[in-house]
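K.L.:
As you go down the protein sequences, you meet chains A and B in turn.
Under the working numbering, the residues of the first sequence are numbered 1 to 112, in order.
Under the working numbering, the residues of the second sequence are numbered 1 to 114, in order.
Some hints could be false.
[What the hints assert, rightly or not] Quick list of simulated restraints, FRET-style, between CB atoms:
#1 A:82 x B:19: 42 to 52 Å
#2 A:33 x B:54: 17 to 27 Å
#3 B:41 x A:3: 39 to 49 Å
#4 B:30 x A:68: 24 to 34 Å
#5 A:34 x B:27: 21 to 31 Å
#6 A:85 x B:55: 33 to 43 Å
#7 B:64 x A:73: 20 to 30 Å
#8 A:44 x B:84: 28 to 38 Å
[What the hints assert, rightly or not] Covered stretches of chain B (in silico footprint by chain A; criterion: 3 or more residues with CB under 8 Å from a CB of chain A, positions within the stretch not fixed):
#9 13 to 21
#10 34 to 47
#11 104 to 112
[To be verified] Result set (SDA-like, lysine to any residue): computed pairs, CA atoms no more than 25 Å apart in a straight line:
#12 B:43 x A:90
#13 B:43 x A:65
#14 A:112 x A:7
#15 B:43 x A:43
#16 B:43 x A:88
#17 B:78 x B:26
#18 B:54 x A:33
#19 B:13 x B:78
#20 B:54 x B:73
#21 B:54 x B:19
#22 B:54 x A:112
#23 A:108 x A:82
#24 B:43 x A:33
#25 A:112 x A:33
#26 B:13 x B:103
#27 A:44 x B:71
#28 A:79 x B:1
#29 B:54 x A:31
#30 B:13 x B:84
#31 A:44 x B:55
#32 A:44 x B:111
#33 B:43 x A:97
#34 A:44 x B:84
#35 A:112 x A:72
#36 A:44 x B:69
#37 B:54 x B:76
Derived from the structure by calculation, the hints contain no laboratory data.
Glycine included, C-beta positions come from ideal geometry on N, C-alpha and C.
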Amino acid sequence: DVVLTQTPVSLSVTLGDQASISCRSSQSLEYSDGYTYLEWYLQKPGQSPQLLIYEVSNRFSGVPDRFIGSGSGTDFTLKISRVEPEDLGVYYCFQATHDPLTFGSGTKLEIK
Amino acid sequence: EVQILETGGGLVKPGGSLRLSCATSGFNFNDYFMNWVRQAPGKGLEWVAQIRNKNYNYATYYAESLEGRVTISRDDSKSSVYLQVSSLRAEDTAIYYCTSRSYWGQGTLVTVSS
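Okay, chain B solo, but in the shape it has when bound (with noise of 0.2 Å):
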């Protein structure tokens, strides 16, 4: 069974910073590409980076309204793929879901607020 587990998320105060973990399992972790994607709150969902696999050297891309504030990295060993967002302001607040795009975790909700 393919299971996706976001954690990390929680209230963070505008200028904060959070990482966010993603741990997976059930599924051939390393030939995927791994994604995070946000939707905030009664919106539509908003791609947010991608990291490629070995094959692709680890290649990463990202939304041009959070670049400069984001690194995805993962971790092939742990089957991990991990989100760093710095500089938050009110508009990162979203729920943020891991994915391969054929699976998805159920998110995790990160709040920016003073």
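Next comes chain A alone, as it looks inside the complex (with noise of 0.2 Å):
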């Protein structure tokens, strides 16, 4: 199975501040068809999770362009600049190149 690897596990953010999220995959998660299948998730306290970016680096509709994904083959990274206060709780990377579908870890994403 493909293993996501998120570092950091927790992070601790000013408002305002940029937070940077990486995910590492055991394999490439590039697809035969060209396309990389690697998704952000936020889930927010008490709430189902919300998808964030697509395909490495595609908002999804409605995110804010302070949300920017970026990567290729196993290195992968969310940041997210200018942190508001709804920016709080855990994010998650997904794969959907490789069966089993897995996600990572998650990193829990705090305001100081």
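Two chains, two separate frames, one set of hints: put the complex together.
P.N.:
Here it is, written out as structure tokens:
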């Protein structure tokens, strides 16, 4: 199975600062069709997860441009510029390239 | 407005079975691959199963930890997806979410306990 390793496990950020989360895969996530099916989700406290980023760097509808996904192959990053109070929660990376699909273990973002 | 509603959770004894249902509206259900994802209390997200759409012959995929005990199915005429889970164990206790990955339901809680 593909293992997604997220770092850090938790992150405490001052409002207005940047946050960065890494997701490293045990295998390349580039599929044979040329796409890379790496996604980022945010689960706010007490809520269902919500899709932020798909195919590495595409923001889902309504997601602010403060959220920036990047990377390729096995190494991916989610950057949140100008962190706002509503950004707190747990961030998960997820791969849909290889069966079985897998999530990272999550990164908890706290506001200082 | 997109709506996803999971039902069928509850308290079940170890060894028992459950059928979870997921009714959707507000998006082109037939175009989407549908998934079940679960979250044990205080834990992270775990992908459970996927069923692809008609263009992909409704192919199904399962997490290895549940393979043989779960069956995912869909009814495009009802914009609904289902998850049958058998031989339930305490470690299957979780909120089960139905999701297209773009859209998520609120989840249904399954508790396995004697």
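K.L.:
Under the constraints set out in the numbered hints, which ones does this structure not fulfil?
P.N.:
3, 9, 13, 19, 22, 24, 25, 26, 27, 28, 31, 34, 35 and 36
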